[in-house]
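Undergrad: Sequence:
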Amino acid sequence: MNFYQHFVIAALVSFGMSASFWYLFGVFDLTGFFVISTACALVGSLAGWVPEKGIAVTIGVTVVVRGLAFLAIAGLPPY
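Using my numbering, read the sequence shown as starting at 1 and increasing by one per residue.
Check before you lean on any hint, since a few could be wrong.
Said to hold, decoys possible - FRET-style restraints, in silico, Cβ to Cβ:
no., residue 1, residue 2, range
1, L12, V50, 18 to 28 Å
2, G54, P78, 30 to 40 Å
3, G26, V50, 19 to 29 Å
4, K53, G26, 30 to 40 Å
5, A72, G16, 13 to 23 Å
6, F3, P77, 29 to 39 Å
7, W22, E52, 26 to 36 Å
8, G75, N2, 36 to 46 Å
9, V64, M1, 32 to 42 Å
If you're looking for bench data, these hints aren't it; they were derived computationally from the structure. All C-beta atoms in this analysis are idealised placements derived from N, C-alpha and C, irrespective of residue type, glycine included.
Let's have the full structure, built from the sequences with the hints guiding it.
TA: See below:
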């Protein structure tokens, strides 16, 4: 797969997670939505494309990075 395909799939995953966070938690910031989602998609697509690991790595890294970005912005949930 070429980089464009990796990036499109990673962007769909990242923007999908962002939309679900928006829906579930009711928080939305348009600038953050695009910047954070695009940055997470870029990291995920590079992680799968550069070492030629495949689309599963792209999706997995995108999910982990987007989840960590959410935790970094929102903070850990109270126990």
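Undergrad: Each hint needs a verdict: does it hold in this structure or not?
TA: Going down the list of hints, with the structure as the test:
no. : hint                  : in the structure
1   : L12 x V50: 18 to 28 Å : 20 Å, holds
2   : G54 x P78: 30 to 40 Å : 38 Å, holds
3   : G26 x V50: 19 to 29 Å : 36 Å, violated
4   : K53 x G26: 30 to 40 Å : 36 Å, holds
5   : A72 x G16: 13 to 23 Å : 19 Å, holds
6   : F3 x P77: 29 to 39 Å  : 35 Å, holds
7   : W22 x E52: 26 to 36 Å : 33 Å, holds
8   : G75 x N2: 36 to 46 Å  : 38 Å, holds
9   : V64 x M1: 32 to 42 Å  : 20 Å, violated
Hints 3 and 9, counting from the list given before, are not met by this structure.
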